[in-house]
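Enquirer: So the protein lines, in turn, are chains A and B. Residue numbering for the first sequence follows our numbering, starting at 1 and increasing by one per position. Residue numbering for the second sequence follows our numbering, starting at 1 and increasing by one per position.
These aren't lab readings, by the way, just hints derived from the structure by calculation. Certain hints may be false.
If several chains are the same, the list does not tell them apart, and a pair holds so long as it fits within one copy or across any two.
Said to hold, decoys possible - Computed list of lysine to any residue pairs in SDA-like fashion (alpha-carbon distance at most 25 angstroms, straight line): (1) LYS27 to ASN206; (2) LYS33 to TYR114; (3) LYS53 to GLU360; (4) LYS333 to GLY164; (5) LYS208 to ASN237; (6) LYS377 to MET232; (7) LYS125 to ASP91; (8) LYS377 to GLY60; (9) LYS16 to GLN262; (10) LYS132 to PRO375; (11) LYS53 to THR5; (12) LYS16 to THR5; (13) LYS27 to THR62.
Number of protein chains: 2
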Amino acid sequence: MNNFTFYSPTYFVFGKNTEKEAGHYVKRFGGSKVLIHYGGGSAVRSGLIDRVKASLDQEGITYVELGGVLPNPRSGLVYQGIDLCRREGVDFILAVGGGSAIDSAKAIAAGVKYEGDFWDFYEGKPVIEALKVGTVLTIAAAGSEGSGDTVITKEEGMLKRGAGGEALRPVFSILNPELTQSLPAYQTACGAADIMAHVFERYFTNTKEVEITDRLCEAVLLTMIKEVPRVMADPNNYEARANIMWAGMVAHNNSVGVGRDQDWASHGIEHELSALYDVAHGAGLAVIFPAWMTYVMHHDMNRFAQLAVRLWGCHMNYANPEETAKEGIKRLKEFFTSIGLPINFRELGAREEDIPFMVENMRLGENGTAGSFVPLKNEDIDSIYRLAL
Amino acid sequence: MNNFTFYSPTYFVFGKNTEKEAGHYVKRFGGSKVLIHYGGGSAVRSGLIDRVKASLDQEGITYVELGGVLPNPRSGLVYQGIDLCRREGVDFILAVGGGSAIDSAKAIAAGVKYEGDFWDFYEGKPVIEALKVGTVLTIAAAGSEGSGDTVITKEEGMLKRGAGGEALRPVFSILNPELTQSLPAYQTACGAADIMAHVFERYFTNTKEVEITDRLCEAVLLTMIKEVPRVMADPNNYEARANIMWAGMVAHNNSVGVGRDQDWASHGIEHELSALYDVAHGAGLAVIFPAWMTYVMHHDMNRFAQLAVRLWGCHMNYANPEETAKEGIKRLKEFFTSIGLPINFRELGAREEDIPFMVENMRLGENGTAGSFVPLKNEDIDSIYRLAL
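My request is simple: use the sequences and hints to build the entire structure.
Expert: Written out as C-alpha cells, the structure is:
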C-alpha cells in the first residue's frame, strides 16, 4: 500500500428538507455575505432558490446571486463571479445545483483570493487559498460536493481542464435526495455513469494488495447496479435516489481511492468529447470506459476478471481469465445501454473525423502520456477513440 | 434512509515512518505545549516515544509526558492528566498507543476544559469543548483514532462507560502499520474482533434499503476475513497489516453507519465482561456477538442470511433462510476460533455465577432496554450471557 494522507473535512447534511438548513450552516462556517451561484432556471422554478434564500434571511445573512452556469461550466461566468464577489464583499459562496454549479463556485472562490488570472489554476498552479464554499446538491453525479476538484471549460479553444486542492473542499454540503427526483431519466443515467467512472479510475491500479480499497470501490459499484435500475423504473423512489446520492459522494471524496495509484486517463479522453460536442460528461464516459477497458485489459487480466466476478457475478474462467474479463466489459456495456446511455460514437453523435483533433487537443505532445495503469501515448488514445466508434 | 449528518474532519496520515511527522502536524493544528500520553513501556522500549519527541523537538514544540494508561483505561489516570495539563499549560494532547491511550487522552482533553468532574461526560453530559487531540496509533482495533468516542472505566464499582462528541474527534491521526507488526498474535486477533464488531453494531438495523451502507459494511468485513489470517500466518506482512489498520478506522468513523439506526447492545453487554474480568474488549466481543446473533436472528432472518451469503459465501437456502443465517453465525465462530479468540465464557475465563451481577451492573432498571435492532431487557441480556456459556 502506498503511503497516503486522507482529509475529508466537509460537513455533510443528508436527507429530506435539509436545504432549509443552508442558512444555519453558512452561519456556522462563518459566512456573512453570500454569493448564491446556480445554473439554469429549474432551481428557480422549483422554488429551491427561494427556500435557500429564506433560510439565509432567517439567519440575517445577506446575499447576491449569479445564475446561468452551463453544463461543462465556462470560464466567462467565472470571471463575472470573481468581479461580483470583489465588488460586493462576498465572503462565502453557496453553490446550488450539480457539479457544474459547484465547480464554477470553486473556480470563483479560488479566483477571488488570487491576483492573477484564475485560469492559472487550471494550467497546474496549486490552489492554496480560496473563499469558503458550501453546496446544496441537486444532481448525484460529479462528487464535487465532497471533493477538492473542479473542472472548467475555457471558451477560447474549448479547453476543458481540472484544478484542485484542499482549500476547495466545500465546508458543508447539503444533500437532499428529493431534489434529484425531478431529474430527467437521461440526466440521472449520465450521473450514474459519472459516479461509476470515478470508481473505475481508482479501481484500475498497479498498486497490489489494497483489498480494503478494492472492496470499498466494489461496494459503491454494487450499490449503483442495484439502485439505478430502480430509479429508472420509478423516478420517485426516494430510497434508491438516496443510495445513489450518497454513493456519488463516496465515489469521489477519495475514500475509495487511498493507498494506491489512480488512473484518470479516461476522464481526460472523455473531456475532449464533452468539450467538442458539449455532450454530458457521463454520456461521454459511458462511451469511453468500455473502449479503454478493452484496450488495456491485457495489462492485468486478473484485475478485470476480479471485477467481472465481484460486480456482475460472472463465473471465473480459471483456464481463460480473458473470457471472464471480456464478459465483465460486455455486462457494463449492457448496463449502460439498459439505462439509456450511449456506448459508442454513433450513439453519442461524435464523428470519426474529429479523432485527430481530439487527440491533438489533449496536448500530450510526442512523448507525453495520460494515465498510470497503462500510460497512454497519442497513438493509444487514437486507438481507444476508434474502439469506441 | 434516515436523515443524517456525517462529519469526519480528522487529517489521516498513513504509512511507513509517518510517526516522524507528528511534530509537523501538531504545529499545523496549532499545538505549542503538548502532553504525550501513552500506555505501557513498549512504546518507550521500541523507541517510538523517542521518535515522536524528536519530531516535536524539531518543530520547537515543548511537551510533558504521562504514561501508564492501562487496557480498559481508568478514571484515576484521567484525573492526573487533567491536573498535569492545567499545571503545565498544555494546549494539545498527543496520544501514542491504541484505543486505551486515545480514549484516555480524549477524557483528559474534555476534562481540562470543564470545571466539574469529567465523569459527568460518561454519565451522559454532551462534550462541547475539549483540547485538541492528535494520535499516533499502534494497534488496529478501537477506531478511536477516527471517532469522537471514548470509553473509560471508573475504578469505583468498575463502571465502564462511553462518552462522545464532535469536539473529541482527533484533529490528526498518524497510522503506521509497521508499528503493529510487533503486536502479539492474541492482541492482533482481539483488535480484529473489535473492528468487526464495530461493523456488526451498524449492520443489524431496522432501517430498510440502505444498500450503500450495507455494502460498505461488507467491504470492511470481507477485508478482515481475508487479511487477518494472513497476519496470523506472517505477523510482518505489511500489506495485510496496512489493510487491517485502515479497515479499523473505516469501521468506526461512522462512514459505514450513516442513514440508519444502529444497535450497540453487544458493546454494552461486553463492557460488563471486560470491566469485571479485565479481559480484552475484543475477546469479550468474540464471545458476546455470536450469542447475541443467535438470540436476535429471528427478528430479521433475511438480514442474517444476507450477511452469511455476502460475507462467507454461504449458499442461500431460499426454502429455509434460518439454515443460512445459522451457517453464517457458525462460520463467524469458526473464524474467531481460527485466529485464537475465545467464543464462550469458559474459554474467556468468565463465570456463570457472575451473570446476575453483570446484568444488574448495566443498570437498565426494570423497564429499560439496550440496543435498537431488538431492544433488550434484563432477562434478554441474561439469556444472551447464558447462550455464551
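Enquirer: The structure should be examined with respect to each hint, and the outcome stated for every one.
Expert: To see whether the hints hold, each was checked on the structure:
| no. | hint | in the structure |
| --- | --- | --- |
| 1 | LYS27 to ASN206 | neither (44 angstroms within a copy, 35 angstroms between copies) |
| 2 | LYS33 to TYR114 | within (19 angstroms within a copy, 34 angstroms between copies) |
| 3 | LYS53 to GLU360 | neither (45 angstroms within a copy, 53 angstroms between copies) |
| 4 | LYS333 to GLY164 | neither (31 angstroms within a copy, 47 angstroms between copies) |
| 5 | LYS208 to ASN237 | between (39 angstroms within a copy, 13 angstroms between copies) |
| 6 | LYS377 to MET232 | neither (38 angstroms within a copy, 44 angstroms between copies) |
| 7 | LYS125 to ASP91 | within (23 angstroms within a copy, 35 angstroms between copies) |
| 8 | LYS377 to GLY60 | neither (55 angstroms within a copy, 48 angstroms between copies) |
| 9 | LYS16 to GLN262 | between (34 angstroms within a copy, 20 angstroms between copies) |
| 10 | LYS132 to PRO375 | neither (36 angstroms within a copy, 43 angstroms between copies) |
| 11 | LYS53 to THR5 | between (37 angstroms within a copy, 22 angstroms between copies) |
| 12 | LYS16 to THR5 | between (33 angstroms within a copy, 12 angstroms between copies) |
| 13 | LYS27 to THR62 | within (11 angstroms within a copy, 36 angstroms between copies) |
Violation of the numbered hints given earlier is confined to hints 1, 3, 4, 6, 8 and 10; the remaining hints are satisfied by the structure.
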